[in-house]
Amino acid sequence: MIFNRVFIKPNAYFDSVVLMAVSRSLKELAGVEEAVLAMGTEMNKELLARVGLATAEALQATPNDLMVGIKANEAHVLEEAVALAGQKLKGQAQETGSETAKPRSLAGGLMSYPETNLVLISVPGLYAAREARRALEAGRHVMLFSDNVPLEEEIALKDLASQRGLLLMGPDCGTAIINGVPLGFANAVRQGSIGVVGASGTGTQEVTSIIHRLGAGVSQVIGTGGRDLSGAVAGRTTLAALEALGADPATRVIVVISKPPAREVARRVLDKLAGLGKPVVVHFLGGDQQEIEKRGLIAGRNLADTARKAVSLAQGLSIPVAEPPVPKQAAQREAAAMAPFQRWVRGLFGGGTLCDEAMFLLGPVTGGIFSNVAVDSRWQLPDPLVSKEHTMLDMGDDFFTVGRPHPMIEPVLRVSRLFQEAADPEVAVVLMDVVLGYGSHRDPAGVLAPAIAEAKETARLAGRYLSLVVSLCGTDQDPQNLAEQERQLAEAGALVLPTNAEAALLAAEIITQRTGGRNGE
Amino acid sequence: MAVATALVIGSDMVSRLHRPFFGHVHSVFPQTINIEDSQGDLFSIRSTGGPVLNSLLVPPPGHPEGLNGLVRPGEAVANCGPFLLVFGGGQTAYSWRGARIWAGEEVPAVVPNQSRLEKNLLLLEELLKDRSGFGPLLSWLSGYLQGENRVGLRPFTQSGEAALPHILALCRAWRRQDRDSLVPSVKGLVGLGPGLTPAGDDFLAGWTAAVQVVNRPDSGWMELFSQALLSHARKATNLISYSMLRYAVLGQGPPGAVTLAAALAGGSGEDVLVAAQEVLAHGSTSGADQITGIAFGCWVAICDKQAGAWRGL
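In the order they appear, the protein sequences are chains A and B.
The first sequence begins at 881 in the working numbering and counts up by one.
The second sequence begins at 103 in the working numbering and counts up by one.
Hints are not guaranteed to be accurate.
[Said to hold, decoys possible] Sample of chain A residues facing chain B (criterion: CB under 10 Å; computed from the structure):
hint, residue
1, Val-912
2, Val-916
3, Leu-917
4, Ala-918
5, Ser-1042
I should point out that these hints are in silico values taken from the structure, not numbers from a laboratory.
Backbone N, C-alpha and C define an ideal beta-carbon position, used for all residues, glycine too.
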């Protein structure tokens, strides 16, 4: 018996060498009797017909489409050949840059890839809601990367998604990993049993990277957008995501990460979590842990602690209680090398959540911290371009990024500020984050390490010692090469810590050793 | 934004670039970016040789992949002032001011000679006998000229077998200047066979180059042929292939085609082999198919006026 198949690649242009090579590979498969790769012209359809490949698919082809026709003597051989052809052509498209013409609209994309069940939308906020609505109406889940979507639009979209049984992640959702596919800014994290719902991008990256480094993996990572747990949006996406993870057999442990939600929303989310019947770790950045624990849920003290607890639950181990010890000797050495007038810590962050976390961890040790993203208006930095006493800067904030790339994409934006801080004789520690993964700069350490070395040298020539503490967020499978990034930073003289919490606590310890604690009192 | 400076600009591109236009990247290959303008015409940015008439030739950007990765299909293109701008992930500007203008391949002097053609065809037959596409059809032509009828002989390729009746019909129509049989013979070849540019199109591009170099027919007949070819090709083959045919009709056939046609019609064996290598370098099957078209085109053009050369056709 003969088994036939013709499949079409619309608007696909591969040079003849590629077509010939693919054809040859197919014909080398035992059981393949015919393999034809040709453009979908009428004459070629006639040729296909002559070898018994005049299928309905072939008749649909246009002269700008590639037809792949295969005849095999067994069904499984045909399937194998079809898969091989698809794989070879995909590989060639990646190698040569030739590929199916990129759709220029959502409708075109859905037409070209009808099997798609999720649409990632990244267009200016003005148009984002319209595109998201179209995608939802077409029955697709949505990741809305765009920001500046009006609040009322966000609520309407989330209600529409709910009516359709779909998930709308965002707006301003920068990180997700769905079915193992990293979307937006995300790290290469192995698949596993921990489901993560995150209202913060870099917070989610930090937690998922640590989960990977501890040997566990994630089932799904669902971003909600920063406003989801506000009183107005009322956790619409978070609740839908929890419902989905609760029903997902691959998810055995659930993690929720967010800034403190509105009180009523927090209650609803925690009630929902308590009813899921799965182990849950919750970290509301700077929030009240008791509210979480009194429902029998586990509270993470910080992002790293949240990841550690989730991994322990996933691996059936006891919940860790202690934090990793702060390297006091290293802190002592750093502090001892400084001049007496050096006393301030300056944080230059690319990740907003990492900046927030550093403030929450440092604050109790150092006292008040100025910031361009301060929660308490008393500590709002009057001029984000000039640091004051202890300062933590979220350099991914709109103030720094209007008309420029985000510092995770272009690390050089932090270099001039680093030099500025290094020139301030009262600065003792500069705290920085380096976030790896898809979407981030391909070699952030390659940009920052020489600047760190130069900043330290500037201080040395001025008779000071500048301490550089860097947290490195990423995994050994990220495209940037984690070990090489760490090596470059360490060789430049930075103290490189594996988590943001450890880096912040080390910075706090150095300041304590240097000044005795709260604002040098 | 990356800026690449073109070294050479095709004469057709010069007039095109002196008016603003918008378009998009149609397709991308390691050494070629094809751009489709709003009129549906295709032109190219190339990093190596190739027909320059509708192209900017720019130096490779310093890595072995040539232009690969600079732009992607679907990205917007605009021409403004001295720059051709491609908007995408890595915005790229192609500066064309100061580029040398290329007016076309130099046409060598041709002294057609049938016996030399027959000898040279034997060389090409040997060169193409194991090729896919239309290449093996040269053995039919060579055999025919030696008094054999090889129509029934194997192995012809499947597409070659399908093409041969149309090729012979085209030869007959050409010899007799028969308008009625010209159109169906052209239609039978356009879009036929393997390759990004189907073998039939490559054959016709080679044919068109050859008949214009060797005993160019009168302008009325050439005009009729061009119209028949292009009006059908516009809808019956893909845009890349159509563009190749369009420029072939304008006298800019595949690179090396003109030189090979001249060598085949009256040059030495060495001239033929050198020129054939240049044509063979096009794609995987395209070069052989173009050579086949050049060979048949030369034969028809030379034998046009010679009684007795058309046994049975």
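Evaluated hints:
no. : hint     : result
1   : Val-912  : violated, 15 Å
2   : Val-916  : holds, 8 Å
3   : Leu-917  : holds, 7 Å
4   : Ala-918  : holds, 5 Å
5   : Ser-1042 : violated, 33 Å
Consistency note: the structure conflicts with the earlier hints numbered 1 and 5.
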